[in-house]
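S.K.: Each chain, written out:
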Amino acid sequence: MSENKTSEKIFTRNFHLADSHTLRLYRETGGYTALPKALRMEPAAITEEVKKANLRGLGGAAFPTGVKWGFIPKGSTEPKYLVVNADEGEPGTFKDRYLMERDPHALIEGMVIAARAIGSHTGFVYIRGEYVKPWRVLDGAVKEAYAAGLLGQNIQGSGFDFDIVLHRGAGAYICGEETGLLSSLEGKKGWPKIKPPFPAIKGAFGHPTIVNNVETIMAVPHIINRGAAWFAGLGTKSQGGTRLYSVSGHVVVPGVVEAPVSVTLRQLIYDRCGGIRGGKKLKAVVPGGSSAAILTPDEIDIQMDVEGPKSKGSMIGSAGIIVMDETVSIPEALMVVARFYAHESCGQCTPCRESTGWIYKMSRRIIEGKGRKEDLDTILDVAKRGAGTTICAFYDGAVGPYISYIEKFRSEFEDLIMRSAHA
Amino acid sequence: MTADARRPQFTPEQLAEVRRLQGLYPDKQGALLPVLHLAQEAYGYVSLEVEEYVAGLFEMSPAHVHEVVTFYTLFFQKPKGRHVVSVCHNLSCHLMNAKGIIGHLEERLGVSPGETTPDGRITFLTVECLCACEQAPMMQVDDRYEGNLTPEKVDRILDGLP
Numbered sequence: 047m048s049e050n051k052t053s054e055k056i057f058t059r060n061f062h063l064a065d066s067h068t069l070r071l072y073r074e075t076g077g078y079t080a081l082p083k084a085l086r087m088e089p090a091a092i093t094e095e096v097k098k099a100n101l102r103g104l105g106g107a108a109f110p111t112g113v114k115w116g117f118i119p120k121g122s123t124e125p126k127y128l129v130v131n132a133d134e135g136e137p138g139t140f141k142d143r144y145l146m147e148r149d150p151h152a153l154i155e156g157m158v159i160a161a162r163a164i165g166s167h168t169g170f171v172y173i174r175g176e177y178v179k180p181w182r183v184l185d186g187a188v189k190e191a192y193a194a195g196l197l198g199q200n201i202q203g204s205g206f207d208f209d210i211v212l213h214r215g216a217g218a219y220i221c222g223e224e225t226g227l228l229s230s231l232e233g234k235k236g237w238p239k240i241k242p243p244f245p246a247i248k249g250a251f252g253h254p255t256i257v258n259n260v261e262t263i264m265a266v267p268h269i270i271n272r273g274a275a276w277f278a279g280l281g282t283k284s285q286g287g288t289r290l291y292s293v294s295g296h297v298v299v300p301g302v303v304e305a306p307v308s309v310t311l312r313q314l315i316y317d318r319c320g321g322i323r324g325g326k327k328l329k330a331v332v333p334g335g336s337s338a339a340i341l342t343p344d345e346i347d348i349q350m351d352v353e354g355p356k357s358k359g360s361m362i363g364s365a366g367i368i369v370m371d372e373t374v375s376i377p378e379a380l381m382v383v384a385r386f387y388a389h390e391s392c393g394q395c396t397p398c399r400e401s402t403g404w405i406y407k408m409s410r411r412i413i414e415g416k417g418r419k420e421d422l423d424t425i426l427d428v429a430k431r432g433a434g435t436t437i438c439a440f441y442d443g444a445v446g447p448y449i450s451y452i453e454k455f456r457s458e459f460e461d462l463i464m465r466s467a468h469a
Numbered sequence: 242m243t244a245d246a247r248r249p250q251f252t253p254e255q256l257a258e259v260r261r262l263q264g265l266y267p268d269k270q271g272a273l274l275p276v277l278h279l280a281q282e283a284y285g286y287v288s289l290e291v292e293e294y295v296a297g298l299f300e301m302s303p304a305h306v307h308e309v310v311t312f313y314t315l316f317f318q319k320p321k322g323r324h325v326v327s328v329c330h331n332l333s334c335h336l337m338n339a340k341g342i343i344g345h346l347e348e349r350l351g352v353s354p355g356e357t358t359p360d361g362r363i364t365f366l367t368v369e370c371l372c373a374c375e376q377a378p379m380m381q382v383d384d385r386y387e388g389n390l391t392p393e394k395v396d397r398i399l400d401g402l403p
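Heads up: the sequence lines are chains A and B, in that order.
Position in the first sequence (first residue = 1) + 46 = the working numbering.
Position in the second sequence (first residue = 1) + 241 = the working numbering.
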C-alpha cells in the first residue's frame, strides 16, 4: 500500500484540535462548504455521487449507501425520515462516540445533505442512552447550527427545510438493529420487525425512512466536496474510502485508527497499534465486533474492507478489532460473549431467546469445571440449527463467535471438559 | 431530593416539556422514552405509579408503559443509590481484568452487582459493552465514563463522590 493512501485523514483530521466540536473550528477547517454545493444539486445527483463513491454502510451491514437511498419511492408525497443510528453497542466498537464528541458538525452537515437527497425534512439521531457526553456535545452543535441558519426553515436561502431531533435510547443492544431502532423511536420496546417491507418503503411511524450509521453520514460532505472518484480511489474494488477501526484488547496502543479500507489486519495491529503488549504472542483476533467470527494469527494478512474478513469466514462488521494475546482463555472469552448475547436477545423469536440462554449456560458450566463431553457438539448443533430462522440478524451474529471459537480452539475446550469431574 | 414517586405529579414546567417533546414526533408516542427519562430524573426511578401517570400523559395503557420500562436497562424500577457505578464486563474489559475491578468493588462496597449499599450511597451494577473498549477496564459513574481502571483509581473515584 502506498504511504500517501495511509496518511489520508478524513474523519479524524480535526480530532487533535481542542475545539474540534465547535462550529467556528469546523468552518475554519472547511466545514459547511459541501452544504451549499449540495443544495444547488439535484437530489438524484447527490445520490448518484454517493453511489459512485462506493460508500458502504459503516455500522455493520455494509450495504451500499447510495443504493439504499435510491429505495425511497419516487414521487411519493408522504413525509420521509432520515434516521441516524448512533446506538453504538457492538462490543469492541467505539468510533461513533469519538465522531460525535469531536466532529459533530460533520454529522449535521452530512444529515442535511442526505436529507436533501432523499427528500426528508425531519431527521432523528438515535443515540444510545449511556452516551451522555456525545449527546450533550451533539445537542450543543445542533443548537449552534440552528442559530447559524444551517438547520430549520429555508436553509441558506435554498428553500429547503430540515429539522434534527436528538433521541436518547435507554439501554438495549437490539436497538442498534435498524428495525428494532425504529420500534424504539416510535415509543415501544425495541423489537425488530419483519422485512419486507423495508424501512425505505415503510419505516419510522409508517413512512419511508433511511437509517444510516453516524460514520456513514459523516463521509457524505467529503464525497460532495472532493468527488466520488477521489473517495472510491482511496479504497478497494468492493468499497471506497477510509474508515475508523476501533482497536482494543492486548495491543500496545489501543484506540481509534483511521485507515483506507485497503489496510491489512496485520498492519493495524502491528504498525498502527504497536503490536502485542508486553512482547507476547498473538493468539486470536476478532476483526469486526463481537459478532464476527474469530481469526487465528495465520489469518491476519487480509485487507480490512468488506471482502477481506469474509474470505476467512468472518466479517468486517463495525470494524471493532479485539486483540487477544497468548494468555487468553478462549473458553472464558466465549462465555463472556455468550453471556452478552443471552442478556441482549430481545426475546421475540424462540430460536434466539432459547438458544442464547442455553449456550450461555453450557459455556458457563465448562468454565466452572462442570462441562459435559457432549456440550461442544450440542453448542455447535444448537447454533447451526438456529441460524437464519429469526426475524433479525442478532442470532446470526451470535452464531459467528459460538461456532468459530469452538471450531478453531476446540482442544482448549476439550482440555477443560476432560479435567472436570463430571466428564 | 427527588419528588415522591408514589404520588407523581409533574410541575407545570415539566408538563410543558412533555408537550414540547411530544410535538417533536409525528406521533406523540415517539416521546415515550424521552418522557420516561424525564420522569426518572424527577422521581429517581420509575415506579408503577409513575408508569401509570406517564401512561395518562400519552393516553395509552399502563401495561404498554410497563412493557417499555422493563425492556430497557437504564430505567430503574426501584429506588437507586445517590450514585450508580456500572462496570463493563464485556469482552475487551474482560481481557483487561474487569473481573479484578468487580471483585475490588464488591469488597469495598460490601454488596454484589445489582445491589445498593445499605447507606443508599451507591448502586453497583455490571453492564454489557459501554463502547469505550480502548480504555478497558472501564466503568460509568453516573453520567461519566472512567477508564484504564486499577483498584487504586477506583478508590480515588469513589472517594471523590459527594
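Hints are not guaranteed to be accurate.
What the hints assert, rightly or not - In silico DSSO-like pairs for lysine-lysine, Cα to Cα no more than 27 Å straight-line:
(1) Lys-321(B) - Lys-83(A)
(2) Lys-394(B) - Lys-407(A)
(3) Lys-394(B) - Lys-326(A)
(4) Lys-416(A) - Lys-430(A)
(5) Lys-179(A) - Lys-394(B)
(6) Lys-234(A) - Lys-319(B)
(7) Lys-340(B) - Lys-327(A)
(8) Lys-189(A) - Lys-340(B)
(9) Lys-321(B) - Lys-416(A)
(10) Lys-340(B) - Lys-454(A)
(11) Lys-248(A) - Lys-269(B)
Hints listed in this document are in silico derivations from the structure and should not be mistaken for laboratory results.
S.K.: Indicate, hint by hint, whether the structure satisfies it.
M.R.: Comparing the hints with the structure gives:
no., hint, verdict
1, Lys-321(B) - Lys-83(A), "51 Å, violated"
2, Lys-394(B) - Lys-407(A), "33 Å, violated"
3, Lys-394(B) - Lys-326(A), "26 Å, holds"
4, Lys-416(A) - Lys-430(A), "24 Å, holds"
5, Lys-179(A) - Lys-394(B), "21 Å, holds"
6, Lys-234(A) - Lys-319(B), "21 Å, holds"
7, Lys-340(B) - Lys-327(A), "23 Å, holds"
8, Lys-189(A) - Lys-340(B), "41 Å, violated"
9, Lys-321(B) - Lys-416(A), "36 Å, violated"
10, Lys-340(B) - Lys-454(A), "25 Å, holds"
11, Lys-248(A) - Lys-269(B), "18 Å, holds"
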